[in-house]
Amino acid sequence: MSSDNIQKSWFSRLKEGLSASSNKVVSGITGIFTEKQLDEETLEQLEDLLISSDLGVNVANRLIKTLSEHKFDKQVSDREVRETFAKDIELILEPVAKPILIEQSLKPHVILVCGVNGSGKTTTIGKLAQQWKAEGKSVCLAAGDTFRAAAIEQLKVWGERTQTPVIIQPQGTDPAAVAYDAVKKSIDDNHDVLIIDTAGRLQNRAELMDELAKIVRVIQKTLPEAPHNCLLVLDGTVGQNAHSQVATFKEMVNVTGLIVTKLDGSARGGIIVALAEKFALPVHAVGVGEAIEDLRAFDPKIFAQSLMGLD
Amino acid sequence: MFDALSDRLGNVFDRLKGKGSLSESDVNAAMREVRIALLEADVAVEVVKSFIDGVRERAVGQEVTKSVTPGQQVIKIVNDNLIGMLGKEAAWIELNAVPPVPILMIGLQGSGKTTTAAKIASRLTRRDKKKVMMASLDVTRPAAREQLRVLGEQIDVSTLPMAEGETAVSIAKRAMAASRLQGYDVVILDTAGRVTIDQGLMDEIKQISEITNPAEKILVADALTGQDAVTTAKNFHQNVGVTGIVLTRMDGDSRGGAALSMRSVTGVPIKAVGTGEKLENLEDFHPERVAGRILGMGDVVSLVEKAAETIEVKEAEKIALKMQKGQFDFNDMLTQLQQVSKMGGLGGVLAMLPGVGKLQKQMASAGVDDKSIARQVAIIQSMTAQERKSPKLLNASRKRRVASGSGTTAQEINRLLKQQMEMARMMKKVGKMGGLKGLGSLFGGGDPIQPDLGQGSNLRIPEGLINQPGQNFPGLPGLPKFPTKR
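Note that the protein sequences, when read in sequence, are chains A and B. Here the first sequence is numbered in the working numbering, starting from 1 and rising by one per residue. Here the second sequence is numbered in the working numbering, starting from 1 and rising by one per residue.
Hints were generated in silico from the structure; no laboratory data involved. Just so we're clear, the structure is a prediction, and the values are computed from it rather than from any experiment. C-beta: ideal position from N, C-alpha, C; glycine also. A few of these clues could be false.
[Unchecked claim] Reference listing, derived: stretches of chain A covered by chain B, where coverage requires no fewer than 3 residues with Cβ under 8 Å from a Cβ of chain B:
1) 64–73
2) 115–121
3) 256–269
4) 291–299
[Stated by the list, open to error] List time: in silico BS3-like cross-link candidates among lysine-lysine, alpha-carbon distance up to 30 Å:
5) B/Lys-389 with B/Lys-418
6) B/Lys-371 with A/Lys-250
7) B/Lys-49 with B/Lys-88
8) A/Lys-74 with B/Lys-49
9) A/Lys-98 with A/Lys-87
10) A/Lys-250 with B/Lys-278
11) A/Lys-71 with A/Lys-107
12) A/Lys-278 with B/Lys-278
13) A/Lys-214 with B/Lys-371
14) B/Lys-418 with B/Lys-392
15) A/Lys-156 with B/Lys-278
16) A/Lys-278 with B/Lys-371
17) A/Lys-98 with A/Lys-74
18) B/Lys-371 with A/Lys-221
19) A/Lys-184 with A/Lys-137
20) B/Lys-49 with A/Lys-87
21) A/Lys-107 with A/Lys-214
22) B/Lys-418 with A/Lys-71
23) A/Lys-107 with A/Lys-185
24) A/Lys-65 with B/Lys-49
25) A/Lys-87 with A/Lys-133
26) B/Lys-278 with A/Lys-214
[Unchecked claim] Here are a few chain B residues that sit away from chain A, every Cβ distance over 12 Å (derived from the structure):
27) Gln-207
28) Gln-227
29) Gln-381
Please take these sequences and the hints and turn them into a complete structure.
Next up, the structure:
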């Protein structure tokens, strides 16, 4: 597939996903405007529409303010408004769109994956493994979710699918021990990448966050520079609680980047914009479907345009 | 991060003190703040709109009783309406059908369906004395069926044996037949997670629903969900006809606006909430608590319950005994500091308290955080047993030793000593007064008297709303006061 094609299918995939929902924004904006004057009431309606895509009150306020500064009391069309928003959003997102770069010299490049329960960590790991395998890298997985029933089995299935070794220990084992073994083994076996799964945890559970910090400390006993990436997997349907998730995980285990999943649903993922502005953490990839190739690099322009329903 | 609604309204109403009734412009100003509070709590935009309209109608022209401020009056109306909208009575699974009664679990991927299925099964078995079977219809997610099987073993509930290559529909049929033959009361059908716009999978649930004719179709939804909650709820409701909602991850620190959104677009009751990873962590839905949480007024009731759960009875009794004697030494302080960490650290405790916005900022600027608690623990642990018992022993040279032992400074030890003295003094006071009344004053860090909100009010305004938040930490029992002046 040429890169152009990939771009296109990414776009169509995300658009497909977002269309059901961004149609609401788009038809909303279109409904407000048929060439009309930008007044207070219109601005308020626009603000509601932005907030309904999880952009949050602050970002929505700011976008509206920028718009009104330039266009207040002027005749504007709905397309103009959508384009203005898309451009502003793209500007916010541009600095954070960075894929994960596997450092070949590290062997292993250690990636720790964390997040709240049900955000899609294990599935994301499976997809990442597959993609790096396809690039000819040797990948190793570590089943660090020793808590949830059948989490280990779930990762094992991904190991089989991607023909990747999975380091496991029985359920209930200290996950730090699994991580420790996995690091040793990856060094011995000369793997390029080691991806460590962790149990889902809510960020306000101090003892579970401590457990996560311990995993990092134990990894660092063998590799002081690791983990080289610490990914926080966010559910695309999440609301304003994402702020608290990012802040806490960042504080506890120094999150280096985000992956946002489930953007093929009706959620629009506007929270990405708010998070980009507040934390400036890289958005490494977004999940737009169940297929392995549906974990895509994050493209700010496409995302912003899809969010605003522009082609 | 969020300023509590009370803080916001406080600002709006400061200039209105002493007015007789709420005018339209007063209410409009307040409603702007209420709107933002609700939106920040992830209540869906459309729901916020209709909610605000309802409140506005009720609020305009209301007499402001002398005992409360206009802000409190508005909060009461908002709170009452929220509780009304969330549904007043607790509802639980309805089993009025010929056994085996099918219950269908549906929801988005990762919302917690499988865990919730097991939690419901456990409650039906243990509390309601039903014979329950669970069957996983999830043939998509790797090991999903294995997960339900393991959970079944943990709670001693049987699961339908797995067979290779079956479709969800055929498993559903098999589950119904097997549970009928084996005399089960209830059969819980756990479906695969799906994204709402996946019509193929939605059709599959419809088909399963038609075949099995479930008594309950439970939508499992994540309390962390944002604006999408309405879309999800509407979609499932239109396609399958939801009969009840279970909200998961209510033990998180989200404000839980999804509860209001989903309840108001479907009109079906919230039947339970998931409050932890353990299989017994399923609780009844308490509208008044969630209302307080959505408004950022804190979930004081849950905090007290959590404290009750976490703080060991024996420890508490020991402290109570000491309190009666008016003693409070460093051993007691250590116990209490450790309890705070057990309850999820200061952050965990604070998240449930009213007026958190300002308080957190203040605490941050006063340098009070979980690290400072850890330091205080270190200080106490660097003391000898005798020093812990009689803090008066701590002279300059002992203080130096403790400081170097704990990696802190003499100033920090002095500060801790002062706190200990203050707490001992309070303990003495409580011990003299005795009983709950005294405890109340400790708990509120001040006046325990609730304002009169008029007849028939069931609103309990958390202390933090009434006291200007800030002078003190609004007193968990035994939580050290943090210094406001250095």
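Quiz item: Which hints, by number, does the structure contradict?
Solution: 1, 4, 11, 12, 17, 22, 25 and 28
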